[in-house]
Each structure stands twice: as structure tokens, then as C-alpha cells.
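Participant: Chain A is already provided as a structure; the job is to place chains B, C and D on it using the hints.
Residues per chain, in single letters:
There are 4 protein chains.
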Amino acid sequence: MKRKICVVVTARPSYARIKTALTAIRSHPDLELQLVVAASAVLERYGDALKYIKADGFEVKSTVFMVLEGENLVTSAKSTGLGMMELATVFDNLKPDMVITIADRYETLATAAAASYMNIPLVHMQGGEVTGSIDEKVRHAVTKLADYHFTCTEIASERVRRMGEHAEHVYTTGCPSIDIAADVLKAPELDFNPFSRYGGVGDPVDLKQGYVVVLQHPVTTEYESSRKHIVETLYGVKDANLATLWFWPNVDAGSDGTSKGIRIFREKEKPVNFHFFKNFEASDFLKLLCNSKSIIGNSSVAIRECSFLGVPAVNVGTRQSGRERGSNVIDVDYDRHQILGAIQKHLSTGKRERSNLYGDGKAGVRIADLLSEVPLHFEKKLAY
Amino acid sequence: MKRKICVVVTARPSYARIKTALTAIRSHPDLELQLVVAASAVLERYGDALKYIKADGFEVKSTVFMVLEGENLVTSAKSTGLGMMELATVFDNLKPDMVITIADRYETLATAAAASYMNIPLVHMQGGEVTGSIDEKVRHAVTKLADYHFTCTEIASERVRRMGEHAEHVYTTGCPSIDIAADVLKAPELDFNPFSRYGGVGDPVDLKQGYVVVLQHPVTTEYESSRKHIVETLYGVKDANLATLWFWPNVDAGSDGTSKGIRIFREKEKPVNFHFFKNFEASDFLKLLCNSKSIIGNSSVAIRECSFLGVPAVNVGTRQSGRERGSNVIDVDYDRHQILGAIQKHLSTGKRERSNLYGDGKAGVRIADLLSEVPLHFEKKLAY
Amino acid sequence: MKRKICVVVTARPSYARIKTALTAIRSHPDLELQLVVAASAVLERYGDALKYIKADGFEVKSTVFMVLEGENLVTSAKSTGLGMMELATVFDNLKPDMVITIADRYETLATAAAASYMNIPLVHMQGGEVTGSIDEKVRHAVTKLADYHFTCTEIASERVRRMGEHAEHVYTTGCPSIDIAADVLKAPELDFNPFSRYGGVGDPVDLKQGYVVVLQHPVTTEYESSRKHIVETLYGVKDANLATLWFWPNVDAGSDGTSKGIRIFREKEKPVNFHFFKNFEASDFLKLLCNSKSIIGNSSVAIRECSFLGVPAVNVGTRQSGRERGSNVIDVDYDRHQILGAIQKHLSTGKRERSNLYGDGKAGVRIADLLSEVPLHFEKKLAY
Amino acid sequence: MKRKICVVVTARPSYARIKTALTAIRSHPDLELQLVVAASAVLERYGDALKYIKADGFEVKSTVFMVLEGENLVTSAKSTGLGMMELATVFDNLKPDMVITIADRYETLATAAAASYMNIPLVHMQGGEVTGSIDEKVRHAVTKLADYHFTCTEIASERVRRMGEHAEHVYTTGCPSIDIAADVLKAPELDFNPFSRYGGVGDPVDLKQGYVVVLQHPVTTEYESSRKHIVETLYGVKDANLATLWFWPNVDAGSDGTSKGIRIFREKEKPVNFHFFKNFEASDFLKLLCNSKSIIGNSSVAIRECSFLGVPAVNVGTRQSGRERGSNVIDVDYDRHQILGAIQKHLSTGKRERSNLYGDGKAGVRIADLLSEVPLHFEKKLAY
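Quick note, the sequences are listed as chains A, B, C and D, same order. FYI, in my numbering the residues of the first sequence are 71 to 454. FYI, in my numbering the residues of the second sequence are 71 to 454. FYI, in my numbering the residues of the third sequence are 71 to 454. FYI, in my numbering the residues of the fourth sequence are 71 to 454.
One or more of the hints may lead you astray.
Any copy, or any two copies together, can satisfy a pair, since identical chains are not distinguished.
[What the hints assert, rightly or not] Simulated crosslink set (DSS-like; lysine-lysine; CA at most 25 Å straight-line):
(1) 256 <-> 338
(2) 450 <-> 298
(3) 124 <-> 330
(4) 330 <-> 348
(5) 298 <-> 348
(6) 298 <-> 121
(7) 421 <-> 308
(8) 432 <-> 450
(9) 421 <-> 131
(10) 278 <-> 348
(11) 421 <-> 340
Read the hints as simulated data drawn from the structure, not as lab findings.
Just chain A, same shape as in the assembly (with noise of 0.2 Å):
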């Protein structure tokens, strides 16, 4: 009887940081792959990652709509409980032997605690890690219900056992986002014209003379600043006067002040060298910031992927504070003058050293021989 592995892809960037682990998951002789696709992860304005998972040839066994229109911390708290409404739902059909939860949004803590209070052996990706804003909360307590921890870093790992999780469940595995990387660098040259494969607004830019990327998300404990904070970096980034190619915000509470500190700078500076895109397949993703000059904002992808690939990244503001990080990261904040002048120490400083410090590559195939190899089990004592 081979395992069977539920996994539930609820975003556009947990696909990319679990997709070389449901390869692997699904190639193992004595795993069963159910995979379970979810909230925003299934709506197109938020770059439909259902249609991407697909493409990657994965048979979906369930996919769930359970967000709430209104982008704010009500409507976050309620789609989490619809979440865990549908989703035990969907457990108690499936029968999973494991479920696997990935990373700190808000909703995941609804596949933790469905998974959890069903006693189905619950596995937590990305553990351990220290940010701000509410994925603070979220990520810990969501820990609070995991039984095995497969951690990024050592750091992480360390962490987990000292709020109480007991050693021997707990794996350094390594982020399967990097794997992505690692394959990436193995041809990191752009050989596809990101216009024409993904459309955009505004005018093609030219990338020859050297290109940024942008993407930052809004943050939930700051909720009335995104449009203040998205404001100076739209300038900051201009006043750089480079091609910049800008990506859409997820869905989050703030979204709403985040687009639309967009949409108003476009109308008014109707700006000829920005182009905005919303979502990339994620090794398409990684190759454009493998050339590009620098990414800015706040994405997590800034601090792990580009500290393995080497990027210079200009992290904005408090999102990613806390989270471990390579020589590639100067930190600013939601101030355009600093954020223009880490542009700019960036692009005479170049290329920065490649970095384990997220994963060495081989996460996936190391997650789904963990997962057919340790005892299923769904009780657990503080170590302490």
C-alpha cells in the first residue's frame, strides 16, 4: 500500500516552492500523490496557478474556491474558516496517510488545522522561519499543529525545536524552491522575449541596456500604509530611470491600496520604461532575474532564491525583517531616496556570491524520501 500524500497548493508561490517535491513525490515507488488546489491559488487575477499545475501535467484531485471578495483582515479570517470547512471535507474523502502545508499565508492555517484536528499526520514546510506581519503568527501556530517540520535553514530548524518540537521530527530539508534555482543555473541565459509570452500592460521595454525587477507586496500589520509604502517605491524605482519590468501583488488584505497606488501612478506619470506583468511560471520567473540588475520590493524570492542564484536584491520595509539572509540584501526603507540609493550601490557592485544558505537543490527528491520513510504519527508532547 503506497502512502498517500496530500498536498494542498493554495498560491501562486507555494506551487513554486513545493513543485520539485510533488515530482518527486509522484515518481516514488511508495507514494501516492493527492494533490488539493486552492483560494487564490485557483482564481485567475491572481495568476491562476491551477492552469500552471496542470500544464506541469499534475492530476488535481480537488480544487476548492474559498476566497473571500473584500481583501482585508475580515475577509482573510473568513476564507481561512471556509478553507477549513471544505477542506475537511475534502480530507475525510481522500483519506490522506500525511497532508503537507507549505509556508505562513493566512490561509494555510485552515489545511494545518483540518489536517490536525482529524489526526491525519500533518507536515510543515518552511518552519522556523522569522518575519513580520501576521504569516508571524500564522507560521508559528501552524508549527503548534505540525507534526514533522521540513525546515529551510539550520537556523530554522533550530528555532522549531526551541518553541518545544521534539528533535527527531524535525529535517533541515532545504527549500524545493531552490531546486528550481539550481536548474535554472544550469542554462540561465534569457532565451524568451517575456512580452510576447505573457503579455503585460504597457509598452515592451528594452532589456538590453540592463533591466529591474519589482514586486512587493502589501503588508498585512500595515494595512492603511500600502499605498503610502507602495507610492515610494514606484518613485524610487523611476527616479532609477532603468527598464523596469514591475509584478502584480498577491491577493492580501492591503492589496486593494497597493494596486491602486499603481493604477494612479500610471495614469499620472504614464511611465514609457515600466512594464507590469502579473505572474511567470516560475523557472521563466527565476531566468529573469538571473539577468536582471537587481530585484526590489519585499518578496521572500529576494532573499532565498536570489541568495542561491546571487541577484542584488533591494529588500523594502518590514515583510521580510527577521528572515535570514545572504550578502546579496540591502536592506531600506518605504523612503524613495534610500531605495534609489541601494539601486544604485547595486548596480556598481554587480553580481553578488551564490549561497546555501536556503537549500543546495536537492529538497524534493529529499521530502518525498522523508515522507515514505517516517512513522505516521499525530500525538504530540512539548519536549519541554
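Facilitator: Relative to the frame of chain A, chains B, C and D by itself:
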């Protein structure tokens, strides 16, 4: 402007554990109480806490039906999700300054997640304790979502800090349930007739020669075994041949097994010295315990209030394992012989020394004062 | 490509009313059966239809817990809403070509609304009947959502057309429950021991001198009176002094009052010739009726199957008012004297003439054939 | 004791259709207004009716987020189910004597079902009309759940009676939206600048030479075609070469297609005499219509208010098919040439005769009086 303190009561036992704090909040000059009653606390079948709450003169701002039928693991998960959705709406309409969630039942995660996702400072009562079962996971997950921790014991506070909570957010307030016990101790005689006041099932039994009280809940991680476990207790107690006052268990996955075990025992054995009750008003229950020879089962009352009252307790099985205990407790397995032996030992020894392990009887006022004084914050990071 | 026919069974009685159609759909060369079991049909407390469905060899595609605890009007509404949400997900994953909803219980609106909102052609079984209570509103609302109407009687079809449905979408198929009755009539003797097969509560009673069967549900619009009503029936039947087989009511607002009335009667009267059952497999129940002196209560079985079987029926109160009936029925008020009088009249008269009012015993096959032939449409307008 | 009248507003258009009744209820000596705002009425993206409601001075008892992201058929069903659950809780806490639901959008079934299941007398506004699409099913299903019917036209009342409703529960009150139109007619000149008051997208256009107004919603049963349909209207209107004020559609399955069509048209054609608005305050919108050359699209405003105001209307496609209309309407297919032709015909003819088809301008007060006088009943049977 008074601080609006929203307290969500979801079960009979939780009401007993917060009642003196509710009174203190209501009469505090700087606080306004917003009381929400939900889950099994609105269901007649589980003791109808709502009725007692209204009888105690509290104004109830909102009631929420949220428990799904089935009493199994799936429905526990779904009820919690449903509660999260509806409590988000309640909080959105009441706009509290702080929310209080109590202890560790599965549905308390609904309150905790809704409040923390909505950036409302969350206070968790009774964190840091160690037991078994799903409660363990829920309790510590709520700790990671909460901004303030009002614990019952020094060791519990220490555990909360070790889990990474900042010391300045952790207060050892003691348990408000001990406040009621302290009140009962001022006039501990059994001054009411339990049968005429609370009805119940079975003929009245003669309490004059001494009696025992039994309260045994199903254990969610031992779902399948709940019927076998209750049978051991039923026969262990029967063999002690004492007047027995048996209390019906709470709603929880597995209580159908527990209930069925009890019903079949009644049909088969027609026990003449057993009487079955649903629920008592908290102080009546404590008076009943004060005058009993022993409490048997796996209720936390046996560990907490009874240590303060010095009532001998036979603690059966795993549900309270890990919880700190006074000298009044004898632990036994799910085994009728061990249970009988422990009862007999207690009968030969009599009352035990009182202990302040779980509180000094002044928790309610202490909590209200803290609620009026602590800063309103909802962001946090691991302390390490 | 076979047409995928999704049938949602939400209660024990509904299963009996669709079973022969399920068999016919399953074995039809152009149809594929997608069976979903939900609501009280998955709950042990209400007869656990799921167990019988599986025992009958049907594959169940999905099960959904959706009934909230409380058994009151609020929880009926909430359960229906919850069901609508979850069934939408189920339909989205199963992608049926047609959906079938059965009869008029509150939760059938969930199936009907989910399917019609999703542009899936909806078939309603048993529309056009007239009773009382909330069922009346639900039944006709479902008619207005449905694309096809498979009714039991000619008068029902006529009513559906008068409500504005187009004649070409209305078929008088007869009720599949009559198919089972027709099968039972082929070998109607009581060839099993009800007590050993179904257990129940109370000592076995002697059936040799004749017995009556009682089945009385609470009436949702007379919520407060359900206990008073059941008491009249209890004493009316008791005074008849016959062996009595009493069946527990379904989940519905008010059944707590009904249940309480029965429990108190048992405690007080300790009736020696009463035996209480939960639920029988449908054909066993019909056999029991075939051999009984009379059925008493307000179940539709007394009106429908019993008219086909010729079993004398005492119909109590308003629940079936308006429903077409054969000559086997005597209608009485909630009054113990009238009930007793009607029982005695039936005893003196004996069995009645059989009637094809509700079907000819071939409904199941007729329904499957229609499902394979009718056009798949989901748009409609009032016929006037 | 005043009668508590709970009105649930779930969309911008519904607010316009109930507003004068709200005012009349609020000021009626025997009535107390309990206003609940939910669904798209609380979402900024769909016009934020809540803001206008508060600006109009109404006290809002409860707000409910209940719309799921996705704007497809699955999410329409799920949003309705979610609304039914939450509105049940709202009604359980507000304890209204009557509930009012308005018109026929998918989510109005949530209000209707929750109220009728809870035995609260339900008033349905605007029943008995005939259109196309899912609205048709919803409207008549709500009729079958409702206890009172306040219709807009005599023919609508006749249809409601033919569906089996008792004549004494059916009142032709006229539509409250006509009350606003009657008020506007007292001072119909365009006394505000639409661009400065409402912003919108695109440069201001010159209104002095005459302008047209466009409002076209997606049709749920023609989900896949919504983009193709909007394109015909876009080019038909463009070819008329008039100043064009285009209003964004409501939330509904398919509006993503509609929105996308509009966005691509704008990018491609960069139309200089088009301006895009989201929503206007109702009387401002009517003033704008009064002074327009024509309204184009498939909004019911073109049929209802514009017949009263005598504004020429081009009605495109199936959405309003079956609805009674005055002499102001020209019906056309989804065809740019027909659309252009109808606009040109209207331009040559000018304003039309006014009609009282949908009301006499006194509906609000009439409704409040009825609400204070009709018996409170919640049981009904088919009239035949």
C-alpha cells in the same frame, strides 16, 4: 473611552473558568464587556451555558450556532472553520479593542484565529499547560496566535516564554475558576438537593453515607476506544459500591462512543446507586465535590479546583497527562481494578491538604486590571 | 459519453424514495451514477443511511457533513446554507450533466440551489404535492429552481404546470418508493425478527396478537408544541393496549421536544408493550407495515406506500394535510381520544383496498429512461 | 411595541429600489427599521453601497462579507450558501418581526431562505416579473418562499397569484425606485459635474452636444459569451460617435469576461469620447439619464425608471426579455449594427411619453403602511 473587551465563551467548562473575570470586567470603570456565546455553550444538549450566563445577569451581545452534528474528527474541524467565519463577522460588527479566548478546546482556535487575523489584540487564558490529545496542539497554536498570555501556574508561564513569547506579555494570573472555589470554601456545606434542583436520570441516591462524583470525557486521539474506556470506569466505580453521581461528557469527537457505553451499562446493569446528571451551575458542582469522597474520571476539575479544595481525585488515562497536579491526585490506567484500588485508597485516607497551585482566588480582578492597563499591540516576533 | 447523473441523498426517507431509480440509473447503458450522501444521511443518530447505501452496493462519490447541532429553526437554515456551499464544490469537482434532488426537506434546497446556480439541469422528484409546514415552501421553491419535474401523481403534475412550468418538462413517473412496496407485495410475510435484527430500546413485545406501528415527526411550524403533540399520540396508542412498535423521528427543528416527550413517557409509564426502534431498512419496514393492524402518526409512508399496500392508517394532525390520500387513511387531531377511536375503527374494519395513486411499481426504470432521453437544458421562463 | 422590519440590502441597485421604503419605515410610528448590508453592497469594487447608505443617514445593524472571489457560477452558489448561514445568525440575534428581500439577484435567495426557514414572515419585493437567466429561477423560487408579495405592476401581481399565492397576500405597490425618479422629475436639470463628483477612468468628455449612457451586465446563462457580447455593444456605441458615459457592471458570474472586453477595447481603441464610471448615487444617475439622448445596454433601469422618465432606451440581448416595457424601448440583438441603428432611430425621435407602468411615485409610503398593517403569518399553502 472604555476599552471594549470581547470574551467568547464556547463551552460550559470555559464559562466556569472565566466567570469571575467577566464580573470584574463588567464592573471595571475603564472596561466594557462584549460577551459572545457560541458553540456547545448555546446547546441544551451540552448543558446550555447560555441559560446560566443570562441567569447570572450578563448581557449577551451575540450568540452563534456553530457545532456540526456527528461528534467526530471531521465535524470538529468543520465546526471550528464555521466558527472562524462567523466570529469574524461578529468581531467586525462589535469592533472590540481586545478579544479573550479561553483554554484549549478545538473551537477556541476559531476565536483566536479570527481575532489575530483581524489585528485585534488577543489574550489567551490558560496557555502553557501540558496535557495530551488534540488539546495540546490547539493550546500551543493559540499561544502562537495570542498577544497576551494569562496563565494559571508559574510553570505554564515559563513554558509560554520558552516557546518564544516575550516575558512582558506573559502574566501568571491564576485561574478564575479557583476564585469560585475560594468562594465555595467560605460556606462549603451541601445546602441544596441535587436531585430536585437538577433532575437527571435515575432514582435519587442516598448521599448520607458518602458518595463519589464521576466525569469522564472521550479523548479525541483515542477516538475509537472511547467506549472501551468508559466501560472500565463504569465497572471500576460500580465495584466500589458507593452512591455515584455521574456527569455526562461534553461535545467532542468520540462522545457518541462514551454516551453509548453509558447507555448500554444502564440498560444492562440497572445500577441502583448511580444517578446521571448533565451539568451543574459551577459553584453547586464545586460544593458537591467538596462534600464527596472522591472525584473519578479525566476532568481537569479534578486536577485544578480539587487541588485547591483538597478533594481526593482518581485521574483515569491520558487526558490530563502532563498537567501539573497537587497531592490530591492518584493516576490510573483505563483499568477497572486500578480505578477501584485508587478509590479505596482515597476512602482510607480522606481529604487532602489544600494547594494554591492553580490560583489564589483573586484571578478575576487581577485579569480585569491587566486588561485595562496593558498596551494594545498585535505584532510580535519570536523572542529568539 | 454516458450522461453523468448526480443524485444527492440527504436523509433516510429520501433514500427509500429514490433507491430503485438509483439501481436503474446504475445499470442503464447511457447513464453514469454519481451518488453523493450528505446531511442526516451520514449521521448515525438519524439512521445512518450511508451504511445501508453501501450495504446495497452503491459507490459513494462524496459524503458531506452539513447538519448543525441544535435541531431548531436557526440551525435548519444554517445547515442548508452550509450544504449549498459544499455541494457547489462537490458539483464543481464531479461535473455532472444532471442533478437530482428529492422531495421537500429543508436541506434539499441546498442541492437545488447549488445545481441551478451552476447551470446544471436539475430534476426534482415529488414536486407538486401539498402538505403543510415549511416543507410546503421548500417544495415549491425547488419546483421553481428545477428544470424537470418527476412527480408521483397526476394531480401533482397538474399543480406543477399551474405554477408556470412547461408541460413538456413535467412527467408523472410515480414514486420509486412504491417500487419497493410492489416488491414487498410479492412476498409480504414477516420473515425476520425485528428485535434481533434491529435491536432498539425496550423488551421485545409479542407481535402474534397483532401490533401497530407509530411514526410521528415534529412539525416545524408548530415547533413549540411538538412535545404536547407527541404526548397525545403516546397516550392514545397506549390506551389501545396493543403491541406497539414506535419509530424515532428524523432530525428537524422540534425533534428535541418530540424526543423529550417520548423519554419522559417511558420513564413515567414504563410501557411493557412498547418497543422503540430507530430505523429499518426500507423493505423490512414495509413488510412490518404489511403485517400490522395500523400505522399511526404523521409519516408520509402512511399516505403513500400504505395506500399501495392497503394498510390502515391513522394520520395525526397537520403535517400531511393537503396530500392526496387513498381510502386507507383516517385523519384525526392531536387528541388521544380521536387517535384511540381511529385505531379501534381500523381494527374492526381490517385491511383496505390497494391503490395506484402514488405509482404503479415501475417508477425507477421509467426515471432512468427519461434521464437518458430528455434534452439537457437549464433555462426556463414562466409558461404564462 | 413597534414591529421590527429587517431589510437586507445586498447590492447597489437593490438599494435604489428600496430606499424610499427605508425612509418611510424609519419614520413610521409603528415600525422599527433593522437594516442589514451584505454581499456586493459592502464591497468597494461594486460601488460600495454601504458608504451611500451611511451617507444617507441610515443606521446599519449588521454588515456581512459573503461574496467569494471568482465571479463564476460556482462562487455564486457558494456566496449564497455562505450568506444563508450568516444571515441566519443575524436574524437570530436581531429577532425581526418581518424580513424584506428585494428582487432576484442570486444572493437574495439567502435572505429569503434564512427568513422563511426561521418562521419569520417574509416580504418579497418585485416578484412576478419575467426576464431570462438564473434571475428568473431565483425570483420565482423566492416567491414560493415569501409570505407577502409587493409587486411593481398589475401583470406581475397576476403572475404571482397564478403561481398559487393567495390574492390577499399580493399587493401591487409599485417600485420604490420610481419614487426617486418622481423626485428627480421635479428638478431634472443636470446640476452637477459628473467627472468632478464621481471621477472615473478616462478624460472628461463634452456633454453639451448630447451624450448616451451605457450599462451592460453579463448574463449568467450566457457566461461564456459575455466578452463577445460586450464587444458588440462597445463598437455599436463607438460607431454612433457620441459622448459616451459607460458604467461598470455588477458582480456576477461572467463579469470578468465583460470587464476584460472593456479593458481590451480601451487599450486598443483609446476611445476619446468614452468615459468610464463605477456607480452613481441613484438620483444623480437618474438625472444623468433624464438629460441623455439614450440609454444602451441591458439594465433594468432602462425598462423601469426610463419608462417613467420617458428616456429612449436600446435594450440589448436577452437579459430583460419578458419584462414589461413602455414605448421608450427598442429591443436589439447582440449586434453592433442593430445597436447603432436603434441609437440613430432614438436620436431622430427624441424623448418619449412618460408611463406609470412600474409605479406612481408613492411606493415607499404605501409599503411602510402595509408592513404596519398586514397580519404576521408564515404558513401558507398553494391556492389550488
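Participant: Honestly, which of those hints from before does the structure not fit?
Facilitator: 1, 8, 9 and 11
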